[in-house]
Amino acid sequence: MIEKKGIKERTEEMARAICEVYIIDSKTLYDRTNTDPHREARMLLMLLLVREGYHPRHVAAIFGRDRTTVLTACDRIKALVEVDRDTNARAANVLDKLTKETGPLNIHTRA
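Quick note: the sequence shown uses our numbering, first residue 1, plus one each step.
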(Lines of atoms letter the chains of each structure in order from A; the text may use other names.)
(Lines give C-alpha, C1' and ligand atoms only; values in the text may rest on other atoms or scores of the structure.)
Protein backbone atom coordinates (compact mmCIF):
# COMPACT_ATOMS: atom_id res chain seq x y z
CA MET A 1 0.00 0.00 0.00
CA ILE A 2 1.19 3.50 -0.82
CA GLU A 3 1.71 5.72 2.22
CA LYS A 4 -0.20 8.97 2.05
CA LYS A 5 2.04 12.05 2.15
CA GLY A 6 1.21 15.26 3.94
CA ILE A 7 -1.16 17.47 2.01
CA LYS A 8 1.31 20.37 1.74
CA GLU A 9 4.07 18.16 0.36
CA ARG A 10 1.73 16.45 -2.08
CA THR A 11 0.23 19.75 -3.19
CA GLU A 12 3.70 21.09 -4.00
CA GLU A 13 4.56 18.00 -6.05
CA MET A 14 1.32 18.17 -7.99
CA ALA A 15 1.54 21.94 -8.44
CA ARG A 16 5.01 21.63 -10.01
CA ALA A 17 3.75 19.09 -12.55
CA ILE A 18 0.61 21.09 -13.33
CA CYS A 19 2.52 24.35 -13.74
CA GLU A 20 4.95 22.70 -16.16
CA VAL A 21 2.15 21.29 -18.31
CA TYR A 22 0.02 24.45 -18.21
CA ILE A 23 3.07 26.76 -18.45
CA ILE A 24 1.98 28.97 -15.57
CA ASP A 25 3.54 30.34 -12.38
CA SER A 26 2.69 28.36 -9.26
CA LYS A 27 1.58 31.51 -7.42
CA THR A 28 -1.38 31.83 -9.77
CA LEU A 29 -2.69 28.44 -8.67
CA TYR A 30 -3.44 29.79 -5.23
CA ASP A 31 -4.60 33.33 -5.90
CA ARG A 32 -7.87 34.56 -7.37
CA THR A 33 -6.69 34.57 -11.00
CA ASN A 34 -9.79 33.43 -12.83
CA THR A 35 -8.60 33.09 -16.41
CA ASP A 36 -7.69 30.00 -18.36
CA PRO A 37 -5.36 28.18 -18.07
CA HIS A 38 -5.11 29.20 -14.39
CA ARG A 39 -8.68 28.25 -13.49
CA GLU A 40 -8.44 24.88 -15.25
CA ALA A 41 -5.09 24.09 -13.63
CA ARG A 42 -6.44 25.00 -10.17
CA MET A 43 -9.51 22.81 -10.65
CA LEU A 44 -7.33 19.89 -11.75
CA LEU A 45 -5.11 20.27 -8.69
CA MET A 46 -8.17 20.31 -6.42
CA LEU A 47 -9.54 17.18 -8.08
CA LEU A 48 -6.26 15.28 -7.83
CA LEU A 49 -5.91 16.11 -4.14
CA VAL A 50 -9.48 15.03 -3.38
CA ARG A 51 -9.02 11.85 -5.43
CA GLU A 52 -5.92 11.04 -3.39
CA GLY A 53 -8.11 11.04 -0.32
CA TYR A 54 -7.59 14.49 1.14
CA HIS A 55 -10.80 15.95 2.55
CA PRO A 56 -12.30 18.79 0.48
CA ARG A 57 -12.21 21.00 3.59
CA HIS A 58 -8.41 20.57 3.82
CA VAL A 59 -7.99 21.15 0.09
CA ALA A 60 -10.14 24.28 0.35
CA ALA A 61 -7.95 25.66 3.13
CA ILE A 62 -4.89 25.52 0.86
CA PHE A 63 -6.64 27.70 -1.70
CA GLY A 64 -8.45 29.97 0.76
CA ARG A 65 -11.77 28.71 -0.47
CA ASP A 66 -14.81 26.85 0.86
CA ARG A 67 -15.14 23.05 0.59
CA THR A 68 -18.18 23.44 -1.66
CA THR A 69 -16.01 25.41 -4.07
CA VAL A 70 -13.61 22.47 -4.19
CA LEU A 71 -16.44 20.01 -4.85
CA THR A 72 -17.84 22.24 -7.60
CA ALA A 73 -14.37 22.55 -9.15
CA CYS A 74 -14.02 18.75 -9.12
CA ASP A 75 -17.34 18.33 -10.93
CA ARG A 76 -16.48 21.01 -13.49
CA ILE A 77 -13.03 19.68 -14.37
CA LYS A 78 -14.31 16.10 -14.64
CA ALA A 79 -16.99 17.27 -17.09
CA LEU A 80 -14.49 19.37 -19.03
CA VAL A 81 -12.05 16.46 -19.36
CA GLU A 82 -14.83 14.35 -20.85
CA VAL A 83 -15.83 16.84 -23.56
CA ASP A 84 -12.67 18.81 -24.36
CA ARG A 85 -9.77 16.98 -26.04
CA ASP A 86 -7.20 19.63 -25.11
CA THR A 87 -8.14 19.54 -21.43
CA ASN A 88 -8.12 15.76 -21.52
CA ALA A 89 -4.63 15.76 -23.06
CA ARG A 90 -3.30 18.24 -20.48
CA ALA A 91 -4.76 16.19 -17.62
CA ALA A 92 -3.20 13.02 -19.06
CA ASN A 93 0.17 14.79 -19.35
CA VAL A 94 -0.04 15.88 -15.71
CA LEU A 95 -0.84 12.32 -14.60
CA ASP A 96 2.03 10.89 -16.66
CA LYS A 97 4.44 13.48 -15.28
CA LEU A 98 3.37 12.82 -11.69
CA THR A 99 3.65 9.06 -12.11
CA LYS A 100 7.18 9.39 -13.51
CA GLU A 101 8.33 11.86 -10.85
CA THR A 102 6.64 10.57 -7.70
CA GLY A 103 5.57 7.01 -8.45
CA PRO A 104 2.08 5.59 -8.76
CA LEU A 105 -0.75 7.85 -7.76
CA ASN A 106 -3.03 6.75 -4.94
CA ILE A 107 -6.15 7.84 -6.80
CA HIS A 108 -9.57 6.92 -5.40
CA THR A 109 -12.30 6.63 -8.00
CA ARG A 110 -14.81 8.72 -6.05
CA ALA A 111 -14.52 12.48 -6.07
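Worth double-checking, as some hints may not be accurate.
Restraint ranges, calculated between C-beta atoms of paired labels, are given here [said to hold, decoys possible]:
1) P104 <-> N34: 13 to 21 angstroms
2) A92 <-> E12: 17 to 25 angstroms
3) S26 <-> L95: 14 to 22 angstroms
4) R85 <-> H55: 28 to 36 angstroms
Derived by calculation from the structure, the hints in this document are not laboratory data. These numbers were taken from a predicted model, which means no experiment stands behind them. From the three backbone atoms N, C-alpha and C, an ideal C-beta is built for every residue, glycine too.
Inset, instruction - Starting from the range 13 to 21 angstroms, see whether the pair P104 and N34 falls in it by beta-carbon distance. - result: violated (33 angstroms)
Legend entry - Pairwise beta carbon distance, A92 to E12, judged against the given window 17 to 25 angstroms: This hint holds: roughly 21 angstroms between Cβ atoms.
Inset, instruction - Given the hint of 14 to 22 angstroms, check if S26 and L95 actually sit that far apart at their C-beta atoms. - result: Cβ of S26 to Cβ of L95: about 18 angstroms, so the range 14 to 22 angstroms holds.
Inset, instruction - For the range 28 to 36 angstroms, tell me whether the beta carbons of R85 and H55 fit it or not. - result: Since R85 and H55 have Cβ atoms about 32 angstroms apart, the given range 28 to 36 angstroms holds.
Consistency with the previously given hints fails for number 1 only.
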